[in-house]
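Engineer: Using the sequences provided together with the hints, build the complete structure.
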Amino acid sequence: MIPACEGKSDVLLGEPTRTPYDLHFRLLGFAIRIHPAFWIVALLMGFYGGDNEPLTVLTFVLAMLISIVVHELGHALMFRRYRIQSHVVLYHFGGLAIPDSMDSMAGYGRSSRYQQLMVSVAGPLAQLLLALLVILALRLGGYTDDVVSRYLPSHYTADPIKAPDFFLQQARVEDAVRSGKIVLERIQGLSARDQQALAGCDHDGDGGIDGTELSQVYMAYLLPGKAARNFILFLVYISIFWALLNLMPVYPLDGGQIARELFQLSGTSAAIEKSLMVSIGTGVIIGLLGFRSGNAMIAFMFLILAWSSFQTLQQYRGMGGGYR
Numbered sequence: 070m071i072p073a074c075e076g077k078s079d080v081l082l083g084e085p086t087r088t089p090y091d092l093h094f095r096l097l098g099f100a101i102r103i104h105p106a107f108w109i110v111a112l113l114m115g116f117y118g119g120d121n122e123p124l125t126v127l128t129f130v131l132a133m134l135i136s137i138v139v140h141e142l143g144h145a146l147m148f149r150r151y152r153i154q155s156h157v158v159l160y161h162f163g164g165l166a167i168p169d170s171m172d173s174m175a176g177y178g179r180s181s182r183y184q185q186l187m188v189s190v191a192g193p194l195a196q197l198l199l200a201l202l203v204i205l206a207l208r209l210g211g212y213t214d215d216v217v218s219r220y221l222p223s224h225y226t227a228d229p230i231k232a233p234d235f236f237l238q239q240a241r242v243e244d245a246v247r248s249g250k251i252v253l254e255r256i257q258g259l260s261a262r263d264q265q266a267l268a269g270c271d272h273d274g275d276g277g278i279d280g281t282e283l284s285q286v287y288m289a290y291l292l293p294g295k296a297a298r299n300f301i302l303f304l305v306y307i308s309i310f311w312a313l314l315n316l317m318p319v320y321p322l323d324g325g326q327i328a329r330e331l332f333q334l335s336g337t338s339a340a341i342e343k344s345l346m347v348s349i350g351t352g353v354i355i356g357l358l359g360f361r362s363g364n365a366m367i368a369f370m371f372l373i374l375a376w377s378s379f380q381t382l383q384q385y386r387g388m389g390g391g392y393r
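Count along the sequence shown from 1, then add 69; that gives the number in our numbering.
Derived from the structure by calculation, the hints contain no laboratory data. Everything numeric in this text was worked out from a predicted model, so none of it was measured. C-beta: ideal position from N, C-alpha, C; glycine also. Keep in mind that the hints are not guaranteed to be accurate.
[Stated by the list, open to error] Computed spacing ranges between beta-carbons, pair by pair:
{"no.": "1", "residue 1": "Ser170", "residue 2": "Pro89", "range": "38 to 48 Å"}
{"no.": "2", "residue 1": "Ala339", "residue 2": "Pro89", "range": "42 to 52 Å"}
{"no.": "3", "residue 1": "Gly387", "residue 2": "Ser338", "range": "51 to 61 Å"}
{"no.": "4", "residue 1": "Ala297", "residue 2": "Phe369", "range": "29 to 39 Å"}
{"no.": "5", "residue 1": "Pro89", "residue 2": "Tyr287", "range": "43 to 53 Å"}
{"no.": "6", "residue 1": "Met388", "residue 2": "Met288", "range": "56 to 66 Å"}
Structural biologist: In structure tokens, the structure reads:
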């Protein structure tokens with residue numbers, strides 16, 4: 070979620086206590102520890118948003134694991150760029166990229182005014198890059214990711230998926246409709262991928278596509294196999310929307326750290342206080358929007374973060390604003 074060093078003023082950023090049930094491994098030279106709380110939250114989210122089939126839930130957990138590891142590696146790689154050794158811990162809703170020692174933090178943020186900003190930005194960018202690479206790979210294979218076209222017109226993202234109306238319109242233009250069916254041998258003005266998708270709808274093998282068969286044409290643009298489809302959907306969805314949520318200017322998310330750094334780099338007075346006020350307001354707004362859209366988990370999370378920012382602001386003012 071965020072690099073631990075970025076939140077010196079927020080208790081939410083402390084590294085969780087080690088347990089006998091932690092999972093340890095190394096990736097790209099970084100030590101990675103997964104706290105048991107990560108698995109619990111991931112399973113709960115999988116049950117909350119899926120069809121509750123065991124394979125679907127496990128697929129969600131795997132996609133969440135990969136996406137968040139990539140996110141934290143983004144932070145860790147940027148630390149390495151500044152010659153700071155770090156390790157990664159996953160827990161609860163995300164994770165932390167944590168410097169290995171306070172000695173490695175000496176001079177952090179001093180040799181470059183933008184180091185802390187770049188470390189915070191690197192995590193969400195790594196996640197968005199993962200989503201982009203997956204989408205590009207799917208496009209090269211002629212498949213849809215089944216995510217971005219729910220929010221953007223398919224031609225904006227080169228998504229090959231076509232709606233039944235597209236085929237009906239083309240069939241009418243080519244006079245390829247007979248007795249309420251699209252005659253495959255008469256429709257020629259389609260791309261090879263669309264022709265293949267349409268032909269795959271001819272389940273009874275009579276050379277014609279009726280309305281019932283055509284209504285399932287979108288399936289031809291999905292990866293074969295339910296598990297593979299779910300994994301890609303979850304991976305792309307988590308990588309995009311988790312990154313975007315993390316970029317909201319709310320402590321202790323990456324966006325909150327970025328907002329703080331931007332306020333400080335601008336030279337404005339009371340920079341941290343202003344960033345905390347932005348955090349409170351943004352958290353409340355997103356929380357209310359979460360309730361309005363029926364997403365109680367997002368709503369409660371952002372309202373809790375807003376309350377945490379309010380408490381931090383009170384503590385900060387109580388100390389007389391002694392740090393920027």
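Engineer: Quick check: which numbered hints come out false for this structure?
Structural biologist: Going through the list in order, the structure violates hints 1, 3 and respects the others.
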